[in-house]
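Below are the chains, spelled out letter by letter.
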Amino acid sequence: MSKSTFKTALLAAAALGAMAASAPAFAASHGVGACLITKTDTNPFFVKMKEGAEAKAAELGVSLKSYAGKVDGDHETQVAAIETCIADGAKGILLTASDTSSIVSAVKQARDAGLVVIALDTPLDPIDAADATFATDNFLAGELIGKWAAATLGAEAANARIAMLDLGVNQPTVGVLRDQGFLTGFGIDVKDPSKWGDEDDPRIVGNDVTAGNEEGGRKAMENLLAVDPMINVVYTINEPAAAGAYEALKAIGRAGDVLIVSVDGGCPGVANVKDGVIGATSQQYPLLMASLGIEAIAAWAKDGTKPAPTEGKDFFDTGVSLVTDKPADGVESISVAEGMDRCWG
Amino acid sequence: MSNTQEFEKAAAASPTTVAEFASHDTSLVKRLQHGLHQTPWAVPAIVLAGSILVFGLLLGQKFFSPFALTLILQQVQIVGILGVAQSLVILTAGIDLSVGAIMVLSSVVMGLVSFRYGLPTEIAVLAGIACGTLCGYINGFLVAVMKLPPFIVTLGMWQIVLATNFLYSANETIRAQDIADQAPLLQFFGNKIAVGGAIFTYGVIFLVLLVLVMAYALKQTAWGRHVYAVGDDPEAAELAGVQVKRTLISVYMLSGLVCAFAGWALIGRIGSVSPTSGQLGNIESITAVVIGGISLFGGRGSILGMLFGALIVGVFSLGLRLLGADAQWTYLLIGVLIIAAVTVDQWIRKVSV
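Residue numbers (this note's numbering), protein chains in the order written: chain A, 1 to 345; chain B, 1 to 353.
What the hints contain is simulated information worked out from the structure, not anything from laboratory work.
Yeah, the Cβ is synthetic: ideal placement off N, Cα and C, and Gly gets one too.
Heads up, a few of these hints could be off.
What the hints assert, rightly or not - Derived DMTMM-like pairs (lysine to aspartate or glutamate); straight-line CA-CA distance at most 20 Å:
{"id": "1", "chain 1": "A", "residue 1": "Lys274", "chain 2": "B", "residue 2": "Asp181"}
{"id": "2", "chain 1": "A", "residue 1": "Lys191", "chain 2": "A", "residue 2": "Asp201"}
{"id": "3", "chain 1": "A", "residue 1": "Lys195", "chain 2": "B", "residue 2": "Asp326"}
{"id": "4", "chain 1": "A", "residue 1": "Lys250", "chain 2": "B", "residue 2": "Asp326"}
{"id": "5", "chain 1": "B", "residue 1": "Lys62", "chain 2": "A", "residue 2": "Glu332"}
{"id": "6", "chain 1": "A", "residue 1": "Lys191", "chain 2": "B", "residue 2": "Asp178"}
{"id": "7", "chain 1": "A", "residue 1": "Lys48", "chain 2": "B", "residue 2": "Glu172"}
{"id": "8", "chain 1": "A", "residue 1": "Lys70", "chain 2": "B", "residue 2": "Glu172"}
Stated by the list, open to error - From the derived model, a few chain B residues whose C-beta atoms are all more than 10 Å from chain A:
{"id": "9", "residue": "Ala229"}
{"id": "10", "residue": "Gly241"}
{"id": "11", "residue": "Leu318"}
{"id": "12", "residue": "Gly335"}
Claimed, not checked - Pair ranges (Cβ atoms, derived):
{"id": "13", "chain 1": "A", "residue 1": "Ala80", "chain 2": "B", "residue 2": "Lys350", "range": "47 to 55 Å"}
{"id": "14", "chain 1": "B", "residue 1": "Gly118", "chain 2": "A", "residue 2": "Lys313", "range": "25 to 33 Å"}
{"id": "15", "chain 1": "B", "residue 1": "Gln61", "chain 2": "A", "residue 2": "Asp329", "range": "49 to 57 Å"}
{"id": "16", "chain 1": "B", "residue 1": "Leu280", "chain 2": "A", "residue 2": "Gly253", "range": "42 to 50 Å"}
{"id": "17", "chain 1": "B", "residue 1": "Phe200", "chain 2": "A", "residue 2": "Val71", "range": "33 to 41 Å"}
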């Protein structure tokens, strides 16, 4: 290293130090600062979450900064974002973690620095690593569509041929909870509830993975149809996967006589329920998660109160509703019109 | 020319046969090695036939049905079309990491031009095709004129094109039902012909035709021979009078064009326009190319081999799923196949040394 570049490096380091030192003061002068860190900024679910957070932040006078990983699973960018938020002097962080266990040390660092950390949508591992969790009860979301499918089939449920279109081979928690919830709702013994694929009920034709998109949904459905062309119930991890599965069924002329159920409640998904592509879907509410999160940070900044979890659960349940135009006995649901009003993305 | 000069008389005594490499060793292995060097698609063809046979024996009717066998074709159609684009670039000793991204952007352009701007579907399709070709041209210009390494250029373009795709589309899906109602032409490649239990979508037919046309163009036209020449040794090609820059740009443009068609076929396959599709298109197409026996060092291999490579991956995925194996085993075996294919390629290359 030559003398002049060494000097430049020193200067740059000094400048960085000065910025880091002055940033908290700057933020403090503008009231409460908050950070929103999502898995990506391309998924409509997170786009909606950001909208909800921004609207609430503007209302409460909180200055919000948003960060996102480049792709789902981008852990490093999220850690860097947490560090930036600490340096920025924010009062709290709303986080949807890509890597739920590895992020814990960075979260601890933030909490030690006096920030309140709230997990949105995806619980950390362990769940109490965050001050609070605002999320959908994914097991309940699955259970609702399982019950609906069983009730809709009636006595035929005993002879159902079920395809399970899951998220990924590494079995992320969200996917496992929805899958196992569905089977429980349908009345199938799930064996170990912490993983899918270990069930031995003969009604299950098989599990395949979709990556949660149309392409994967179609391929997985085709694979399972090759195993058993008479599949008549299809569980899907989300609505894009369901749309892909429908294309595969349509291609072999079975679009009309198969029951497809899903989870999410995005606007294209609810429109697919209206068109009869999807029989029923469990709708979740990302906007609510985000606005509640901002309120919680504002409360923490004001008098140090932390949000309490929903009674009987270790997180705050932001609710889930079954959307269908064919209500089944004994399963509470809302109409497609109502689902359309509350849909996201 | 009656008064021939004295020194020219020696020419009459020279041999008149065309020069050829003498093969001193005619053992079976050497001849096999030489044969494989001549017909680069032979190895993947043998592996494909073998894997179909093995899965057929293990699974019987379930796998050996016209339905399952044509299903494999449907499942590999997108990767196959991208593989054609990838093969062209790899034959010039390049690599194209942006194929999947260009495909998705082209399909998104087709969707948005007809749905956001309300223009006729024919114009939307043309816009998508132009978009893909333009992306290819940018790649080609940077590689041929700016002399940047193809890996770097397409690595950059991959990110740029994907980001453009997300920014432009706001990651909104256009639903299959809306497309079927308002712009059915976008789903053109999803139409199908059923022969007994066998189902051929237009996308599959397009893939097969495209491979045949490209195989012909690469073997029988001056342009095709130039592509091989540039891939083998660009300096020698230049000295032999090949317009290296123009050939390279044409290859990348054609690659972009083929990716745009892949985007159109993708809409046919999944019904909807989905900005999150095709993210692994680059890796999957390189896998097909490598298993298909096309040399990553350029100038050698056949596009037919790439199709066999893609089909091998398809046969393994479906076969293993029908056997009830965990999806991870498919990835593991494909990894083994890739390394085996490159090992065989290196061995075959020695014939010319």
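Status of the hints after comparison with the structure:
For the proposed pair Lys274 (chain A) and Asp181 (chain B), the alpha carbon gap of about 15 Å is at most 20 Å, so the pair holds. This hinted pair checks out: Lys191 (chain A) and Asp201 (chain A) have alpha carbons roughly 10 Å apart, not beyond 20 Å. At most 20 Å may separate the alpha-carbon atoms for a hinted pair to count; Lys195 (chain A) and Asp326 (chain B) meet this at roughly 14 Å. For the hint pairing Lys250 (chain A) with Asp326 (chain B), the CA-to-CA distance comes to about 26 Å; that exceeds 20 Å, so the pair is violated.
Note on Lys62 (chain B) and Glu332 (chain A): the hinted pairing is violated, with a Cα-Cα distance of about 41 Å set against a maximum of 20 Å. Using a Cα cut-off of 20 Å, the hinted pair Lys191 (chain A) and Asp178 (chain B) is violated, with the two alpha carbons roughly 41 Å apart. For the proposed pair Lys48 (chain A) and Glu172 (chain B), the alpha carbon gap of about 12 Å is at most 20 Å, so the pair holds. Restraint check: the Cα-Cα separation between Lys70 (chain A) and Glu172 (chain B) comes to about 18 Å, which is no more than 20 Å; the hinted pair holds.
For Ala229 (chain B), the requirement that its beta carbon stay farther than 10 Å from each beta carbon of chain A is met, with the minimum near 37 Å. For Gly241 (chain B), the condition that its CB be more than 10 Å from all CB atoms of chain A holds, with the nearest at approximately 45 Å. Look at Leu318 (chain B): its CB is around 6 Å from the nearest CB on chain A, not clear of 10 Å, so calling it non-interface is violated. Under the 10 Å C-beta cut-off, the non-interface status given to Gly335 (chain B) relative to chain A holds; the minimum distance is some 14 Å.
Distance hint check for Ala80 (chain A) and Lys350 (chain B): the Cβ-Cβ separation is about 48 Å, which falls inside the suggested range of 47 to 55 Å. With their beta carbons about 48 Å apart, Gly118 (chain B) and Lys313 (chain A) fall outside the hinted range of 25 to 33 Å. The hinted range of 49 to 57 Å is not satisfied by Gln61 (chain B) and Asp329 (chain A), whose Cβ atoms lie roughly 41 Å apart. Taking 42 to 50 Å as the suggested C-beta distance range, the pair Leu280 (chain B) and Gly253 (chain A) does not conform, at roughly 30 Å.
For the pair Phe200 (chain B) and Val71 (chain A), the beta carbons lie near 35 Å from each other, so the given range of 33 to 41 Å is met.
Hint violations for this structure: numbers 4, 5, 6, 11, 14, 15, 16, all remaining hints satisfied.
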